[in-house]
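2 protein chains.
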Amino acid sequence: MEQLLFKPMSRVAICGGTHGNELCGVYMLKELQVSQQDRFRSFSLTTVLANPRAVDVCRRYTEKDMNRCFTNTLLSAPRTEVTPYEVTRAQELNGLLGPRGSEKAVDLICDLHNTTANMGLCIIAHFSDWVGMHLFKYLQEKITSAPVRLILFKDPPSEMYSLESLGKHGITIEVGPQPHGVLRADIYNLMREAVDRALEWAESFNSGTVFEGGEIEVYINVDKKDYPRDPETQELNAAIHPQLQDNDFCLLKPGDPAFMSFSGETICYEGEELYPFFVNEGAYYEQNTAFKLAQRESLLLPSISVKKQQ
Amino acid sequence: MEQLLFKPMSRVAICGGTHGNELCGVYMLKELQVSQQDRFRSFSLTTVLANPRAVDVCRRYTEKDMNRCFTNTLLSAPRTEVTPYEVTRAQELNGLLGPRGSEKAVDLICDLHNTTANMGLCIIAHFSDWVGMHLFKYLQEKITSAPVRLILFKDPPSEMYSLESLGKHGITIEVGPQPHGVLRADIYNLMREAVDRALEWAESFNSGTVFEGGEIEVYINVDKKDYPRDPETQELNAAIHPQLQDNDFCLLKPGDPAFMSFSGETICYEGEELYPFFVNEGAYYEQNTAFKLAQRESLLLPSISVKKQQ
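So the protein lines, in turn, are chains A and B.
Using this note's numbering, count along the first sequence one by one with no gaps and you end on 310.
Using this note's numbering, count along the second sequence one by one with no gaps and you end on 620.
Hints may contain errors.
[What the hints assert, rightly or not] Not close to chain B: a few residues of chain A, all C-beta gaps over 10 Å, as computed:
no., residue
1, 4
2, 47
3, 62
4, 64
5, 91
6, 146
7, 161
8, 189
9, 245
10, 304
[Claimed, not checked] Per the computed footprint, the stretches of chain B lying under chain A, defined by three or more beta-carbons under 8 Å from a beta-carbon of chain A, are:
no., region
11, 546-557
12, 563-576
The hints are simulated quantities; they were obtained by calculation from the structure and are not laboratory data.
Cβ coordinates follow ideal geometry from the N, Cα and C atoms, glycine included.
Chain A with its partners taken away, still in its complex shape:
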């Protein structure tokens, strides 16, 4: 397989607080601002508190989930009196870190997130981004304190909606379980290790290291399942079943317990064999998602290295 060449990662951005109640990223930024200051590197490092208003009130967002606002439509929408804060802020961030798809965009964005689901350390990347997938491969090789998995989204580039899509390359670092509005040292430490290793990778890449290709295991986002709800009020009729709770990335088969009604009855999963993730993520109740579903596949990565400057 051929070796792909990419420009150096000259500008790297670490973003946190995209969701204001996911606290590891918020505190990580403050720590990075101290510990990474004046450190000599082959790249410039920017830290960005993505949604300061949501951080101030410790909520996911103030008017609109910002991590769904980085669409072409919203990024180019004219601002009016009723434009939600998060759309305005997404446009600002596109100016700061992008514009998306342009030569001016930063080379690599790592956006820091937490989940209430028992997902360990997940890297979320786009199917088209070999750099993001190589970063995952490096983290998986280096980090042994928790499972490290890769979730791939296959949306067409024209439908990208999340912050890390502003960069030439980008990943979301998603770590859980942690309640929203709470900071757990174990989860913070795991995220810290991921961030340190990601910066180490960028440094190594820029210095000319050839990152060998090879097979990786990926979870491809293909579906989602809502809670059983009252058809009239839309209120929940059941919770995630104890046998499914905390079992993200364990194969779910038709007939397996999926939900438990409030009187104690088991409701079984109906659907094809898939891998659940984001199981009982608190922010997804309002998005009609009890869990997302993935296909597990093997993917062959090409080797990559830096394109020497002329």
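Since the structure of chain A is provided, determine the placement of chain B on it from the hints.
Chain B alone, transformed into the frame defined by chain A:
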């Protein structure tokens, strides 16, 4: 020891949603409304969604923490245009379930709460209420699926501030760990068992059962500890240490790790030997409380039974 006589528990109230993002109680009420309807009993059962506005927006409160609003001062304060919703609602609840201290007050209130702390099933009662303590003793004897502990508050009755204080007798049923805004079936099932057993106890009490006294172990709330904070900004300088996290009710000694700074340094506990609880409760960040501290003591309960009606 003498046997104390109490009037029958003729009116029992189960309250949930006092904090709108503690979801077990909210869904328990709906289930009780169906399952307990038309069931013959020696008492009338009322279910009360205590803070419906906070439940609607899935937040702890809208303007003011309602479970601090049941003070004599706030319950008797005149309503003005700037009276917070929660104060108005607390006054309404005092009319519905109280008035506190009067003959009209309901006999027993169980208020349902969740915590992000790893506290299992806790009964919180007032030092002056033998009925609440006997209810705990019964639950501890009957429930084997999780640790059941009793937390006692010793505030003078004139300084009571929480909902269950409206009744002649009252307990808070506190179950965790569960993220706020999330419903976990295991935590729900544990709370459900506690509610079912509490109703069973009231039925048995009314029928004339003598509940024998004896020694119980109690945790008496005596102190609290805040996070290390930046003196200027008041922002956190550290998180709960991994060795303390999830270890509620394990003796904390001077020199034990209590916090971990964001660069990884351990900060040790300074203070007397006490039992921490509400460790890393999400709602307490804004109340300057990293954890509360208790003395563990033995307490001798008198026997109790119902006073036969004339």
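Evaluation of the provided hints:
1. 4: holds, 36 Å
2. 47: Holds, since 13 Å exceeds 10 Å.
3. 62: holds, 13 Å
4. 64: holds, 15 Å
5. 91: holds, 27 Å
6. 146: The claim stands: residue 146 of chain A keeps its Cβ more than 10 Å from every Cβ of chain B (closest is about 13 Å).
7. 161: holds, 23 Å
8. 189: violated, 8 Å
9. 245: violated, 6 Å
10. 304: holds, 32 Å
11. 546-557: Answer holds; 6 residues pass the 8 Å Cβ test.
12. 563-576: Satisfied; 4 residues make the cut.
Consistency with the previously given hints fails for numbers 8 and 9, ordered from lowest to highest.
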